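J.: Sequence:
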Amino acid sequence: MFDTYETFLSSSAAEYVAERPAIEEFLKVFAPHIPAANDLAHARAFLKSYSGQATTFKAYRTQVERILLWSWIIAGKSILDLRRSDAERFMDFNVAPPASWIGDAVRQRFLPRGGVYEPNPGWRPFGIKISKSDRKRAKEAGEELGVSGYKMAQGSIRQVFSICSSFFEFLTQEDLAQGNPFKAIKGKSRWIRTTAKRSGGKSLTQLQWDFVIETAELMANEAPESHERTLFIVSSLFSMYLRVSDLVGNQLWTPTMGSFVKEDETWWYEVVGKGNVEARIAVKPDYLKYLKRYRQSRNLTPLPLKGEQAPLLTKLNGAPGLSDRQVRNIVQEVFDRALKRMHEEGRSDCEVDDLRVATLHWLRHTGATFDAPHRDAKNLQADLRHKSMSTTQDIYYNSLDDQRAAEVEGLTVKR
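Just so we're aligned, residue 1 is where the sequence shown starts under the UniProt record's numbering, counting upward by one.
Hints were generated in silico from the structure; no laboratory data involved. Treat the hints loosely; a few may be bogus.
Stated by the list, open to error - Cut-off 20 Å, straight-line C-alpha distance, at most; resulting in silico cross-link-like pairs (SDA-like, lysine to any residue):
id, residue 1, residue 2
1, K387, Y397
2, K284, H374
3, K315, Q296
4, K262, K284
5, K274, R325
6, K151, V95
7, K289, W268
8, K262, K292
9, K274, G249
10, K188, M91
11, K58, V106
12, K340, T359
13, K292, L316
14, K186, R84
Stated by the list, open to error - Using C-beta positions, here's what the derived DEER-type ranges look like:
id, residue 1, residue 2, range
15, T172, V17, 25 to 33 Å
16, S323, V17, 23 to 31 Å
17, S100, A310, 46 to 54 Å
18, Q296, P112, 33 to 41 Å
19, H374, P224, 28 to 36 Å
20, S348, K129, 24 to 32 Å
21, V95, K58, 18 to 26 Å
22, N329, D286, 25 to 33 Å
23, P35, R356, 46 to 54 Å
24, F26, E222, 46 to 54 Å
25, N379, E344, 34 to 42 Å
26, K387, G346, 41 to 49 Å
27, R325, V357, 17 to 25 Å
28, E24, Q296, 51 to 59 Å
Source: prediction; values computed, not measured. Ideal Cβ placement from N, Cα and C applies to all residues, glycine included.
Turn these sequences into a full structure, and let the hints guide you.
T.: Here it is as structure tokens:
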């Protein structure tokens with residue numbers, strides 16, 4: 001129902017529908033007692049208030065689309081007519097949607113065709129993550145990818161409650177709905193489990209990281225015109241515990257070489273991160289050699305000048321900026337090549353397993369995990385930009401778990 005974040009911001013409601021005539025035709029399918037067009041307008045107004053950040057918008061868009069479609073197609077009523085029992089049915093539906101509602105990959109909602117945008121027949125409201133190894137196995141065997149293993153994560157279930165409740169609070173405050181059916185649900189434990197908190201983020205082993213950074217260096221040496229940038233991205237994510245948005249920017253901020261700032265003898269990287277919060281990250285002296293390599297490949301001075309406006313990342317043709325997906329693809333290529341090198345050296349499955357499923361975000365966790373034993377927790381928290389010290393402690397300082405493990409090490413079954 002709602003296309004990309006950029007399209008949502010740049011188009012009025014009328015322009016958006018005019019470019020996607022299939023939406024209007026779809027809304028006319030429903031019975032007269034279901035004012036689907038009005039529901040869609042209310043949903044658009046709600047999403048407008050959460051359009052400050054692309055990631056926030058996407059999360060809210062997902063849940064709003066699902067409840068709109070479920071309300072019209074399954075419940076057969078307007079969202080304004082939903083009650084507590086409907087909200088409970090919707091939660092049950094989220095936990096076990098029919099296979100026809102589940103896709104096996106992330107796909108665009110609309111595709112350009114004949115001067116307009118038409119619905120992508122492959123898009124589905126729900127998606128299942130299928131590992132790269134399973135995809136390769138299915139392709140080699142000539143088998144179809146199934147969606148029978150779909151399972152909604154606990155965090156996603158909490159997100160359904162949170163976002164749908166916010167949506168109905170909005171509708172209630174606008175005098176459109178009589179109340180919030182999600183707020184009326186009492187037994188949320190039916191869908192949400194309380195789990196014990198476990199320490200540890202997803203990170204590479206020392207051996208895996210050695211292969212990753214060596215692979216990036218080999219790529220840069222072999223093809224500097226394209227892969228000095230690759231090496232810079234990988235080393236930056238790891239060394240400064242960055243999120244992808246710290247490299248590509250957001251709606252309100254675009255990183256430049258001037259984002260590197262020197263004060264006295266210390267370098268800092270200044271970002272505008274989650275929630276549009278300004279922060280500065282300490283730059284390791286050892287990292288500067290990667291920054292210098294990258295800048296020299298772009299014919300810039302070895303280190304950034306004060307207020308330098310050169311874009312941090314550029315396309316291979318020199319045009320400024322990369323998308324988060326492009327950066328993820330660059331990192332994935334490094335992971336794939338590193339994995340191949342490990343196989344060629346005869347490394348065992350247990351040595352390579354994590355690298356098969358690693359994502360860009362693992363580099364942030366890996367860097368912090370390696371550095372935690374050598375850094376004060378408060379300073380690491382500041383560079384990670386965690387709001388709570390407990391988050392940093394739980395993920396990177398496992399003293400309690402280590403102590404528990406050490407206590408049982410010498411205990412035997414027979415005494």
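J.: Each hint: holds or not?
T.: Structure-based check of each hint:
no.: 1; hint: K387 x Y397; in the structure: 16 Å, holds
no.: 2; hint: K284 x H374; in the structure: 13 Å, holds
no.: 3; hint: K315 x Q296; in the structure: 16 Å, holds
no.: 4; hint: K262 x K284; in the structure: 12 Å, holds
no.: 5; hint: K274 x R325; in the structure: 18 Å, holds
no.: 6; hint: K151 x V95; in the structure: 7 Å, holds
no.: 7; hint: K289 x W268; in the structure: 15 Å, holds
no.: 8; hint: K262 x K292; in the structure: 14 Å, holds
no.: 9; hint: K274 x G249; in the structure: 10 Å, holds
no.: 10; hint: K188 x M91; in the structure: 10 Å, holds
no.: 11; hint: K58 x V106; in the structure: 13 Å, holds
no.: 12; hint: K340 x T359; in the structure: 16 Å, holds
no.: 13; hint: K292 x L316; in the structure: 18 Å, holds
no.: 14; hint: K186 x R84; in the structure: 10 Å, holds
no.: 15; hint: T172 x V17: 25 to 33 Å; in the structure: 26 Å, holds
no.: 16; hint: S323 x V17: 23 to 31 Å; in the structure: 26 Å, holds
no.: 17; hint: S100 x A310: 46 to 54 Å; in the structure: 49 Å, holds
no.: 18; hint: Q296 x P112: 33 to 41 Å; in the structure: 40 Å, holds
no.: 19; hint: H374 x P224: 28 to 36 Å; in the structure: 32 Å, holds
no.: 20; hint: S348 x K129: 24 to 32 Å; in the structure: 25 Å, holds
no.: 21; hint: V95 x K58: 18 to 26 Å; in the structure: 21 Å, holds
no.: 22; hint: N329 x D286: 25 to 33 Å; in the structure: 27 Å, holds
no.: 23; hint: P35 x R356: 46 to 54 Å; in the structure: 49 Å, holds
no.: 24; hint: F26 x E222: 46 to 54 Å; in the structure: 50 Å, holds
no.: 25; hint: N379 x E344: 34 to 42 Å; in the structure: 39 Å, holds
no.: 26; hint: K387 x G346: 41 to 49 Å; in the structure: 44 Å, holds
no.: 27; hint: R325 x V357: 17 to 25 Å; in the structure: 18 Å, holds
no.: 28; hint: E24 x Q296: 51 to 59 Å; in the structure: 54 Å, holds
Of the numbered hints given earlier, the model fails none.
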